[in-house]
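There are 2 protein chains.
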Amino acid sequence: MSDGDPLVIFMPSGKRGRVAPGTTVLQAARTLGADLDSVCGGRGICSKCQVAPAIGNFPKHGVTVTADALSPFNAVEQRYDDKRGLKPGRRLGCQAQILSDVVIDVPPESQLHRQVVRKAAEARSVEMDPATRLVLVQVAEPDMHAPSGDLERLNDALATQWGIAPATAPLPVLARLQPALRKGGWQVTVAVHEAQAGSAPAILDIWPGYFEGPLFGVAVDIGSTTIAAHLTDLSSGEVRASAGIMNPQIRFGEDLMSRVSYAMLNPGGAAEMTVAVRGALDDLARGLGQEAGIDPRLIVEATVVCNPVMHHLALGIDPVELGQAPFALATSGSLDLPAADLGLTAINPAARAYVLPLIAGHVGADAAAVALSEAPETSDDLVLIVDVGTNAEILLGNRDRVLACSSPTGPAFEGAQISSGQRAAPGAIERVRIDPATKAPRFRVIGCDLWSDEAGFAEAVGPAGVTGICGSGIIEVVAEMRMAGLVDASGLIGSAEQTGSARCVPEGRTNAYLLHDATAEGGPRITVTQGDIRAIQLAKSALYAGARLLMDRMAVSRVDRIVLAGAFGAHISPQHAMALGMIPDVPLDKVRSAGNAAGTGARIALCSRSARRLVEENVRRIEKVETAVEPRFQDHFVAANALPHASDPFPNLAAVAPLPQVDFNTGAGTGRRRRRP
Amino acid sequence: MSDGDPLVIFMPSGKRGRVAPGTTVLQAARTLGADLDSVCGGRGICSKCQVAPAIGNFPKHGVTVTADALSPFNAVEQRYDDKRGLKPGRRLGCQAQILSDVVIDVPPESQLHRQVVRKAAEARSVEMDPATRLVLVQVAEPDMHAPSGDLERLNDALATQWGIAPATAPLPVLARLQPALRKGGWQVTVAVHEAQAGSAPAILDIWPGYFEGPLFGVAVDIGSTTIAAHLTDLSSGEVRASAGIMNPQIRFGEDLMSRVSYAMLNPGGAAEMTVAVRGALDDLARGLGQEAGIDPRLIVEATVVCNPVMHHLALGIDPVELGQAPFALATSGSLDLPAADLGLTAINPAARAYVLPLIAGHVGADAAAVALSEAPETSDDLVLIVDVGTNAEILLGNRDRVLACSSPTGPAFEGAQISSGQRAAPGAIERVRIDPATKAPRFRVIGCDLWSDEAGFAEAVGPAGVTGICGSGIIEVVAEMRMAGLVDASGLIGSAEQTGSARCVPEGRTNAYLLHDATAEGGPRITVTQGDIRAIQLAKSALYAGARLLMDRMAVSRVDRIVLAGAFGAHISPQHAMALGMIPDVPLDKVRSAGNAAGTGARIALCSRSARRLVEENVRRIEKVETAVEPRFQDHFVAANALPHASDPFPNLAAVAPLPQVDFNTGAGTGRRRRRP
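Heads up: the sequence lines are chains A and H, in that order. Reminder that position 574 of the first sequence reads as 574 in the working numbering, one-by-one numbering, no gaps. Reminder that position 3 of the second sequence reads as 3 in the working numbering, one-by-one numbering, no gaps.
So that you can see chain A by itself, here it is in the shape it has in the complex (with noise of 0.2 angstroms):
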């Protein structure tokens, strides 16, 4: 272009360049390299070009920009803004035409590449680039007089209007070719996969004339207890729909190491595990589809990300390898398969399946969608990220270098194995207060946002009532009971007498803290027992034991900041993990909750072909530690045990709680806990 063409200048890209007069604003964004939406090709149908164009001086940039910058609004500008309604100031980028210098503002919505918005500053930003994508082709018609099939002029409408390589299609997709193509004058919209951009391209579905979409996304992520989905919108990146169901699976054995040892005693047990999970995902999808009130056909696309014995589970690979030394997993790689062979029939049947990689034989899938989530990689300081899950799920690391293991915390974290325990639902206790002088308690429950002690609580949680405890509430009265001297620091709940509260009622040959007694008005009597103690002692020990190991391999004492990940973590006091001993001692400010982390890197490899490579690389570079064969694992188990365990204090707490050195056994000393100097 010669100096006295006009310059155009795209925003907030910067782009910038001097284009031929009535050169199209698509055209020179195409020319630029500035991100401007089509999935009509510049045909004037799908206003996803949409742009606005800055009139007036810019001194900045060093243009002035009159109002006939751009050609005047056209016949197809018109008939769509006539049609469909284009707001103020708004033209079509195809339509459009530069014939002086002009700065182009390109609004989010119609940026391809938009960036998802994140919440957490920290956490990994995501710009939209998903595997699979509309767009529209006008295909030539078929002429006898030099025969070609019509996919094959398809496909040559591909590479000339779109530059996408030869595509194949399933045959159900082809078997639709020529109605749609017939139906659709020559005109029609084709859902484009391509796994990684230069990967063979695959048409998963053809619509006849303009189809506007949007395409959608299943993330899904399967725990041992839970499985979790997210429908997302593969344009936006938007989350439409969200549930969560049991794992099926749990018939079969509560934690990993059950199910893995139900698939070695019985023959064909892998298989009815994974025909649960399979069954399940599938339901999910469906309903996902149904809440949403979206056509089933629209959801293209799933990721999956697991751990190492789900994902086999759900793969259909016998998990017997994962219970053994040396862990050998069936494969570590990511996968992309089709949908249908994991199970998933309520989508498109065309749909394509992303399972991320796995780290290590303990280490899965989900932990490397944490990782994606959470971005260690690119932290500054020193990031713990902890998924905590019947398996725990844990990262240590920064720019220089990042460890990863899991930790088998059972599911007494998600409420099972808990005399009171439930799942996260209304009417289950998820706060709960103990006055350390009455040792009376208060609580809140889920659906409710009065505390117990307050006016009109019983009337607000309804007939239903209070009806147990949930994983965050759990750890807050273990917690709670801690700091009100309640239990002593190797975990015993004291006698009403040795406590002073008649609270601590005798059950069995231990006590147990009364913390609800509803049976007058025929409800329940909430308590925690011994066994419960016993129970969380373990889980926190478990998990602890994993950030101390890696701590350890890392060779640091401390570490900067917490993220505390799982549906759960979401949910979770830090002041109480940390009076429990579930995580290392950091100031509170540096504990943040991720919500479910995985899912997200989950919803992330979803929207993000370059995310998918970015997981791929970080797990090859991720230093593995296989907590099940390390001895020093086993020694911070166990010094974990105690509440809180001597080799540890926590200064931080400290300023929050002060926690009585009381010991139930041998009836010893009460007042603010030990410090180390």
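What the hints contain is simulated information worked out from the structure, not anything from laboratory work. Among these hints, one or two may not hold up.
[As the list claims (entries may be wrong)] Have a look at the derived ranges for each label pair, beta carbon to beta carbon:
| no. | chain 1 | residue 1 | chain 2 | residue 2 | range |
| --- | --- | --- | --- | --- | --- |
| 1 | A | R621 | H | T66 | 53 to 59 angstroms |
| 2 | H | R84 | A | Q634 | 51 to 57 angstroms |
| 3 | A | P248 | H | A146 | 31 to 37 angstroms |
| 4 | H | G209 | A | V275 | 29 to 35 angstroms |
| 5 | A | A146 | H | D341 | 28 to 34 angstroms |
| 6 | H | G85 | A | A165 | 47 to 53 angstroms |
| 7 | H | D341 | A | D143 | 25 to 31 angstroms |
| 8 | A | N266 | H | V275 | 35 to 41 angstroms |
| 9 | H | A458 | A | A146 | 58 to 64 angstroms |
| 10 | H | A140 | A | R621 | 17 to 23 angstroms |
| 11 | H | D635 | A | D143 | 30 to 36 angstroms |
| 12 | H | G209 | A | Q634 | 37 to 43 angstroms |
| 13 | A | D143 | H | K60 | 55 to 61 angstroms |
[Unchecked claim] Some chain A residues well away from chain H (every beta-carbon gap over 12 angstroms; in silico):
| no. | residue |
| --- | --- |
| 14 | R16 |
| 15 | I245 |
| 16 | M246 |
| 17 | S258 |
| 18 | Q498 |
| 19 | G531 |
Note that the Cβ used here is the ideal one computed from N, Cα and C, for glycine as well.
Given the structure of chain A, go ahead and fit chain H onto it with the hints provided.
Below, chain H without anything else, positioned relative to chain A:
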């Protein structure tokens, strides 16, 4: 290598070069690019690399080979010889080391890319290069301190030991990986599929330790009337079993257009026909495996050739567009897909299918396969290739250009629509001679070597006796009737009075020729009716018109040679075909039968990936002629109706038998047929 290093010459390739002393023969072959097979990768297990050193003086090669040119028999060879036996003079190429100059004979069975011997000299030679092959790999054991999946370590082994790119594995194969590796002591044989050299490999199956094979493929030719399949050894190219069945779609319509009509008129009709043909394919494959007594799991490849309507129906595509101009194909390119997608469930579940490309809307993959088999594009002289079936595929060409068309001959040539017609099976009349003087017939039936007038015929054909007339029989009897003066040039059968033969019997308002009457013994009465003659006239006119149309396009009035293809082409009598006016006139010794050339083409594509590339290139180059919209086709068709048609006499045929010039409408003239000046 220095000049002092041993010189090694591989025969028959002539590949030669110097190698360091101590180099194994297998290594030398790989270095010098000589073709030497190996499945075990040089571990002394598979014996596929057997060679025979030639000892003595070879002035032609300029070397003298001493008895100690190779290292002595080693322990691995001795063990192999003891266990399985080595032929005298043979060595294992992976064990024998080259110590001094040597000439190495590579026997055919040790050549990986050995040539498949074809009977006809002008047919294409084929070098074995199937898409799926067996390789033995030694896989590294898992290390929990450097965790990686078994598949990833298998891929490492494939890369380092065989130079194979990272392979994917379908989930059911992946599920068998871990047990196979452990059972095989980390040695497994895998069936690796690479659609083309350089395309993404897939592991189709896995066996613990060394698995000798061979693997098999099925080459399928789906005709409108019959479906034929050949079970082929993918190492040697040998056919191990062949079978043919009626196409069950016949119940929906005898010819292609009636099936297209069925699809158009009946909702779900196309799907019904898809189910029918897929079921037949599956039955055929199952039967072939049983006949050959092999594990169906060993069948890992399939190739499919068929005409466009059969192609679309087999793929599950409604063929409605093929019923009307412009006869648009849904896809014309080759397809590489899971064989299971075509309903092939009786073979390896991971088997792949290659569907040959189509030439045009009416010229199918069967014609492409005939071109692959008969190689007209390499012919010095002008060859006309006619694949006779319900739809005839016709190719005309030489090195310079190749034209193709198809012609709707209908099922008469396959014995259908003929009053006493039947498919070629024991009891069917396949050869007929009529004495020109007495007008008495004699014939032969399939399954009996005697002519009907020879002693012992009745006993030889057995109680089932003579059951009907097959395609080659009907052509012969009609031609013989014409040559015996029983039928006039217009195709009219004369009465007993007109012909002087009591075998010409009235049947309704026309006459019939009594070929065989076994009613006295409770057997059938076999006649050739006027309707039969008309059916054959229509069929042969269509065939001839197609050939003439291509000759017009090529601007030639004669061809140099004719190849008759099709299962039926193998049995047809060239002089009778010419007498009927089915094919243009050439010297009789220039007519060759190529048997089921389409099936042969399918077998070639099964054995050779380069043949797949070739057929893909060829179909692009072949010039397509659409008979359905070509007015000259109709002209030729009408002109070709006569027996013989007036415009094109048969000079070569005159040497065989004079054609009487009778006309049963006017009763005019007899004697030698008219010759053009």
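Confirm or reject the statement that R16 (chain A) sits farther than 12 angstroms, beta carbon to beta carbon, from all of chain H.
40 angstroms, holds
Starting from the hint 17 to 23 angstroms, judge whether the C-beta atoms of A140 (chain H) and R621 (chain A) obey it.
20 angstroms, holds
Distance restraint hint 35 to 41 angstroms, applied to the beta-carbon atoms of N266 (chain A) and V275 (chain H):
Hint holds: Cβ distance 37 angstroms, inside 35 to 41 angstroms.
Please verify that the nearest CB of chain H lies beyond 12 angstroms from S258 (chain A)'s CB.
Correct as stated: the minimum Cβ-Cβ distance to chain H is 20 angstroms, above 12 angstroms.
Can you let me know if the beta-carbon spacing of R84 (chain H) and Q634 (chain A) is within 51 to 57 angstroms?
Roughly 53 angstroms apart at Cβ, these two residues keep to the hinted range, so it holds.
Cβ distance range 30 to 36 angstroms for D635 (chain H) and D143 (chain A), holds or violated:
Hint violated: Cβ distance 24 angstroms, outside 30 to 36 angstroms.
Consistency of beta-carbon spacing, K60 (chain H) to D143 (chain A), with hint 55 to 61 angstroms
Given about 58 angstroms between the Cβ atoms, the range holds.
Distance restraint hint 47 to 53 angstroms, applied to the beta-carbon atoms of G85 (chain H) and A165 (chain A):
52 angstroms, holds
CB of A458 (chain H) to CB of A146 (chain A), is that within 58 to 64 angstroms?
59 angstroms, holds
28 to 34 angstroms as the expected CB spacing between D341 (chain H) and A146 (chain A), which holds or is violated:
For D341 (chain H) against A146 (chain A), whose Cβ atoms are near 29 angstroms apart, the range 28 to 34 angstroms holds.
Cβ separation of D341 (chain H) and D143 (chain A), checked against the hinted range 25 to 31 angstroms:
With a Cβ separation near 29 angstroms, D341 (chain H) and D143 (chain A) satisfy 25 to 31 angstroms, so the hint holds.
Could you see if the CB distance from P248 (chain A) to A146 (chain H) stays within 31 to 37 angstroms?
35 angstroms, holds
The structure fails hint 11 only (numbered hints given earlier).
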